[in-house]
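Enquirer: Residues per chain are reported as follows:
Protein chains: 2
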Amino acid sequence: MSHPHPQLAAPAPLAAGALRVVALGGIGEIGRNMTVFEYDGRLLVVDCGVLFPEDDQPGIDLILPDFSAIRDRLDAVEAVVLTHAHEDHIGAVPYLLRERGDIPVYGSRLTLALLEAKLGEHRQHPPLHVVAEGETRALGPFTVELFAVNHSVPDALAVAIKTPAGVVLHTGDFKMDQTPIDGRLTDLGGFARLGREGVDLLLSDSTNAEVPGFVESEREIGPVLRRVLAGAEKRVIVACFASHVHRVQQVLDAADASGRHVAFVGRSMVRNMNISKELGYLRVPAGLLVDMKDVESLPENKVCLVSTGSQGEPMSALSRMANRDHQIRIEQGDTVVLASSLIPGNENAVFRVINGLSRWGAKVVHKSTALVHVSGHAPAGELLYVLNAVRPSNLMPIHGEWRHLRAHAALAELSGLPPERVVIAEDGIVVDLVDGLAAVVGAVECGYVYVDGLAVGDVTEVSLKDRRILGDEGMVTITVVVDASSGKIVGGPEIIARGVSDEPGAFDECRRLAAKAVEDALAEGVTDRQGLQQRVRRVVGRWISDTYRRRPMITPVVLEV
Amino acid sequence: MSHPHPQLAAPAPLAAGALRVVALGGIGEIGRNMTVFEYDGRLLVVDCGVLFPEDDQPGIDLILPDFSAIRDRLDAVEAVVLTHAHEDHIGAVPYLLRERGDIPVYGSRLTLALLEAKLGEHRQHPPLHVVAEGETRALGPFTVELFAVNHSVPDALAVAIKTPAGVVLHTGDFKMDQTPIDGRLTDLGGFARLGREGVDLLLSDSTNAEVPGFVESEREIGPVLRRVLAGAEKRVIVACFASHVHRVQQVLDAADASGRHVAFVGRSMVRNMNISKELGYLRVPAGLLVDMKDVESLPENKVCLVSTGSQGEPMSALSRMANRDHQIRIEQGDTVVLASSLIPGNENAVFRVINGLSRWGAKVVHKSTALVHVSGHAPAGELLYVLNAVRPSNLMPIHGEWRHLRAHAALAELSGLPPERVVIAEDGIVVDLVDGLAAVVGAVECGYVYVDGLAVGDVTEVSLKDRRILGDEGMVTITVVVDASSGKIVGGPEIIARGVSDEPGAFDECRRLAAKAVEDALAEGVTDRQGLQQRVRRVVGRWISDTYRRRPMITPVVLEV
Chain A
-17 MSHPHPQLAA PAPLAAGALR VVALGGIGEI GRNMTVFEYD GRLLVVDCGV
33 LFPEDDQPGI DLILPDFSAI RDRLDAVEAV VLTHAHEDHI GAVPYLLRER
83 GDIPVYGSRL TLALLEAKLG EHRQHPPLHV VAEGETRALG PFTVELFAVN
133 HSVPDALAVA IKTPAGVVLH TGDFKMDQTP IDGRLTDLGG FARLGREGVD
183 LLLSDSTNAE VPGFVESERE IGPVLRRVLA GAEKRVIVAC FASHVHRVQQ
233 VLDAADASGR HVAFVGRSMV RNMNISKELG YLRVPAGLLV DMKDVESLPE
283 NKVCLVSTGS QGEPMSALSR MANRDHQIRI EQGDTVVLAS SLIPGNENAV
333 FRVINGLSRW GAKVVHKSTA LVHVSGHAPA GELLYVLNAV RPSNLMPIHG
383 EWRHLRAHAA LAELSGLPPE RVVIAEDGIV VDLVDGLAAV VGAVECGYVY
433 VDGLAVGDVT EVSLKDRRIL GDEGMVTITV VVDASSGKIV GGPEIIARGV
483 SDEPGAFDEC RRLAAKAVED ALAEGVTDRQ GLQQRVRRVV GRWISDTYRR
533 RPMITPVVLE V
Chain B
-17 MSHPHPQLAA PAPLAAGALR VVALGGIGEI GRNMTVFEYD GRLLVVDCGV
33 LFPEDDQPGI DLILPDFSAI RDRLDAVEAV VLTHAHEDHI GAVPYLLRER
83 GDIPVYGSRL TLALLEAKLG EHRQHPPLHV VAEGETRALG PFTVELFAVN
133 HSVPDALAVA IKTPAGVVLH TGDFKMDQTP IDGRLTDLGG FARLGREGVD
183 LLLSDSTNAE VPGFVESERE IGPVLRRVLA GAEKRVIVAC FASHVHRVQQ
233 VLDAADASGR HVAFVGRSMV RNMNISKELG YLRVPAGLLV DMKDVESLPE
283 NKVCLVSTGS QGEPMSALSR MANRDHQIRI EQGDTVVLAS SLIPGNENAV
333 FRVINGLSRW GAKVVHKSTA LVHVSGHAPA GELLYVLNAV RPSNLMPIHG
383 EWRHLRAHAA LAELSGLPPE RVVIAEDGIV VDLVDGLAAV VGAVECGYVY
433 VDGLAVGDVT EVSLKDRRIL GDEGMVTITV VVDASSGKIV GGPEIIARGV
483 SDEPGAFDEC RRLAAKAVED ALAEGVTDRQ GLQQRVRRVV GRWISDTYRR
533 RPMITPVVLE V
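Residue numbers (the working numbering), protein chains in the order written: chain A, -17 to 543; chain B, -17 to 543.
Looking at chain A on its own, in the form it has when it is part of the complex (with noise of 0.2 Å):
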């Protein structure tokens, strides 16, 4: 498929002994991952996760899947089925949950540990189920088959779903680290097994499919990090992601080599840690973790700090550090290492704390100037490894903006997929597999639903197209009160703007010119509020406009008493 999807109608409902994908999050952009299958009814769901806001996307929390094409079938769904703990993953599981509470959630043993965390806040108690790699489940119609993949966090599953209508094999997010630090290979023999036995649809993650050749071990993070450690002077303070459970290790490695305690920072850091050490994923060697209550009293070059915060968020430990606004008060001879990736949108925020921590005088050590970071993702080598092991008949890229998805099927053509076997879908487009052949026919309601404070769905386009003009213009508000029996100004104009102009008497000229549009349409004959709101909001934008060349928010009140 060369061409996007023109409008698409809602499509047929589901042949008998078909098999249907949709996914409602995750394909058109990196996130709020979610793939709806059915089959003779019945609905399995693959992930769930949640998309981060970008930038013309002011003030919203989350971002969910749309569960509008699913939401009078969730009755018909047996499960979800999780692939990995990455809140693009399982995010937004307790808002499904929240629609229908007795869903079934399988996942391998660290991510039901994650999510249960997580649902434990929402105080939510689904069915939670267990599986490992080399299991297989019948759920329902669909029997479902668990391959160990490696990815940036521990125990990642991929998933086939075999059907009456065919195999399809779902890689969840993977990369193929041929030397990982727990010996969990990406399993490509049991990959190539199933291509044997036949795969007629392979969803594979594309994140990484522009990215040429392969991505090195995690392994070789970790001679930097014990360089890095045993060479620093004073402290030393490694960033990385929460969940990140081979990074965390090899900083606690790296530690307990240079002879430094190690105390984590930042709540995810600490809850997930605490798991991933019960669970036995984290090895910690004796005596190695204090309390940040402690680390006060050891000598500064005896100390490790592992914190969140490696993405610029404003509110983190690192970034109150980076403006000496944290207990820890950056200095001369200090080291922090940002042992993570920087997602597109992050760079300012990143650079900030960069730029502060090093404005202290603190040595910083990023991917850009060390090898302290490697990606989660597979890029084009690695794909094509899967490719040939499995040799699908269909290949419908996941994961991914449009650049990747793309890329990803220029890698399918590559390996000799014949173009037409490669659907390129968006969220909410509908693919059918019939005989073999997978193929668009029709799409669902897909759009964002936006998670702001406790909130959700409420606000909507309007809302955000509302708040860019108001944070790129700011707001004038102009009250006036009209007697209605005397056809006269009783109160007001009163004129209030915010991040409009910050000049004493800026607006006096503007409420004069208010006034004086309300009397005349009075002595017009006009009386009806939204025509007074009218003529002022036009005389207001035209002042403001010829003043300033600025196009503020503009809300007129006309009251009559």
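Calculated from the structure, these hints are not laboratory results.
Hints should not be assumed to be uniformly reliable.
Copies of the same chain look alike in the list, so a pair counts if it fits in one copy or across any two.
With a straight-line cut-off of 25 Å between C-alpha atoms, the simulated DMTMM-like cross-links for lysine to aspartate or glutamate are [unchecked claim]:
no.: 1; residue 1: Lys259; residue 2: Asp37
no.: 2; residue 1: Lys498; residue 2: Glu476
no.: 3; residue 1: Lys216; residue 2: Asp276
no.: 4; residue 1: Lys470; residue 2: Asp84
no.: 5; residue 1: Lys100; residue 2: Asp465
no.: 6; residue 1: Lys447; residue 2: Asp307
no.: 7; residue 1: Lys349; residue 2: Glu36
no.: 8; residue 1: Lys349; residue 2: Glu395
no.: 9; residue 1: Lys498; residue 2: Asp528
no.: 10; residue 1: Lys447; residue 2: Asp490
no.: 11; residue 1: Lys349; residue 2: Glu198
no.: 12; residue 1: Lys216; residue 2: Glu395
no.: 13; residue 1: Lys498; residue 2: Asp22
no.: 14; residue 1: Lys259; residue 2: Glu408
no.: 15; residue 1: Lys216; residue 2: Glu402
no.: 16; residue 1: Lys447; residue 2: Glu485
no.: 17; residue 1: Lys284; residue 2: Asp273
For chain A, the structure is supplied; the task is to place chain B on it using the hints.
Expert: Same frame as chain A, now just chain B:
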């Protein structure tokens, strides 16, 4: 200097025989470069550029250097010397000329030609003096010698400033391309000669100080462009900066070699390339250029467009093509080359354009996938060449954020300069060169000066803070009219909310609470507007916080009639 500067007082007046250096922009940030030199009561300004706003400065068009420190001494300014024609070095000249219109401006031929086009729009005609490498000019007590430097715009200069207090070398922006397109090398020999004579203070470009090694030659992009243009099935659109004459030259040469005609797209591209062509900086093969209106009549594989919009600017031709909102309708088989850097903060905008183009089927080539861009700034390896050639007595890193300044300082130490001879300043920090030693002696006012629409400086941090709240949270205005004599509400409460909730009736309960708050206050004898407004603000704020966990801008208006 290892620590940032505490609150510094204004410096004492400059001692006789000493040289003073103050950056009014460009240190601690990338942009609005402006350095003021003072000797014997006279001032010399090097560069006067703009800074582009970040996401926490919403709605702002430009940020200027802060002229406060020299505003009452503009008559003492001997000249402005411009190092090259980039906006962050010349963009604020019109704003300085607004304050004194006859300041003599010195620069290379291309720099002044591009400046003149800009000044024409402002109807400004200061005395312009073309200078070239190798020339020396006496500007009051300052003897200025110019050196050729290579950068991402032709005809860039470094400036040596000689006074009885000592010799300063200001590199401007530069790199050390050893095979530049125009054969005009950075004059390392000249720097070395000046160094032998004695350079007391080196001000050197820090932008790429964190980047190890050397930058590839601009020339290496040529073969890549030729391959892309020769192999493209249909149209090719190359986006790059409108001042990057050598990049455009290479596109023209590649188009010529592949039998394609070229049209320029975008106002600044058309203007700059006309000027560059007329002055001989751009060599255009006969018959190569066509007008945009003639493009439609050419076969698609004979077309190459050279466009602005490489940073994802929403109004640019390229963004409009990505949205199918442009006469050029992107189709499968078209190729788009982003032959440009990716300025931090622009990632989301640029990826939005790449995704849009990919969606319509265009092949998009960018710097992550092919060598279609090289930086214009010297990385660490090249900075060391300059440090070793000049062997300055003191270094003051310029043109950089803190991370860059610190990295440049570390390079200077590597080259053998004692740490106490490296002065890390910030905007407004005053550095005096006395008896061969450069040292911080105080600070002058140096804030952000915002240009928004027609006005300069009326939007301050107060408005920006309001805009951030409005943009993230929206606004709620509550209007109530009270009869002073009866002590009763006679109009409203009227609630206008924008950017808060799009649910119908969302504020019905809030309106009742606001009315009750006013009635209760009136019953308690509160009659002043401030007091009534405070009650309303408190009640409405609490209700919104409890209901939504949000904190919009709340503006209560109580009017008495």
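Enquirer: Could you run down the list of hints and mark each one as holding or not?
Expert: Going through the hints against the structure:
In this homomeric assembly, Lys259 and Asp37 never come within 25 Å of each other (Cα to Cα): the closest approach is 36 Å inside a single copy and 39 Å across copies. In this assembly of identical chains, the alpha carbons of Lys498 and Glu476 lie at most 25 Å apart whether taken from the same copy (13 Å) or from different copies (23 Å). Within a single copy, Lys216 and Asp276 get their C-alpha atoms as close as 16 Å, which meets the 25 Å cut-off; across copies the closest is 66 Å, which misses it. Proximity of Lys470 and Asp84 under a CA criterion of 25 Å is satisfied in neither setting, with 63 Å inside one chain copy and 53 Å between copies.
Taking the shortest alpha-carbon separations for Lys100 and Asp465, neither the intra-copy value of 57 Å nor the inter-copy value of 53 Å comes in at or below 25 Å. Taking identical chains as interchangeable, the C-alpha atoms of Lys447 and Asp307 lie at most 25 Å apart only when they sit on different chains, with a minimum of 20 Å there against 34 Å within one chain. Taking identical chains as interchangeable, the C-alpha atoms of Lys349 and Glu36 lie at most 25 Å apart whether they share a chain (23 Å) or sit on different chains (23 Å). For a Cα distance limit of 25 Å, the shortest separation of Lys349 from Glu395 across copies, 23 Å, qualifies, whereas the shortest one inside one copy, 33 Å, does not.
Taking the shortest Cα distances, Lys498 and Asp528 sit within 25 Å of each other inside one copy (18 Å), while across copies they are farther apart (41 Å). Taking the shortest Cα distances, Lys447 and Asp490 sit within 25 Å of each other only across copies (23 Å), while inside one copy they are farther apart (29 Å). When the C-alpha separation of Lys349 and Glu198 is checked against a cutoff of 25 Å, the pair qualifies both within a copy, at 13 Å, and between copies, at 21 Å. Taking CA atoms no more than 25 Å apart as the test, Lys216 paired with Glu395 passes between copies only; the shortest distance there is 20 Å, against 53 Å inside one copy.
Neither within a single protomer nor between protomers do Lys498 and Asp22 lie at most 25 Å apart by alpha-carbon distance, with minima of 70 Å and 57 Å respectively. For the identical chains of this complex, Lys259 and Glu408 are neighbours neither inside a copy (39 Å) nor across copies (45 Å), given an alpha-carbon limit of 25 Å. In this assembly of identical chains, the alpha carbons of Lys216 and Glu402 lie at most 25 Å apart only when taken from different copies (21 Å versus 59 Å within one copy). Proximity of Lys447 and Glu485 under a CA criterion of 25 Å is satisfied inter-copy only: 15 Å between copies versus 27 Å inside one chain copy.
In the homo-oligomer, the alpha carbons of Lys284 and Asp273 lie at most 25 Å apart inside one protomer (13 Å), although the nearest pairing across protomers, at 68 Å, exceeds that limit.
When the structure is compared with the earlier hints, violations turn up for hints 1, 4, 5, 13, 14 and for no others.
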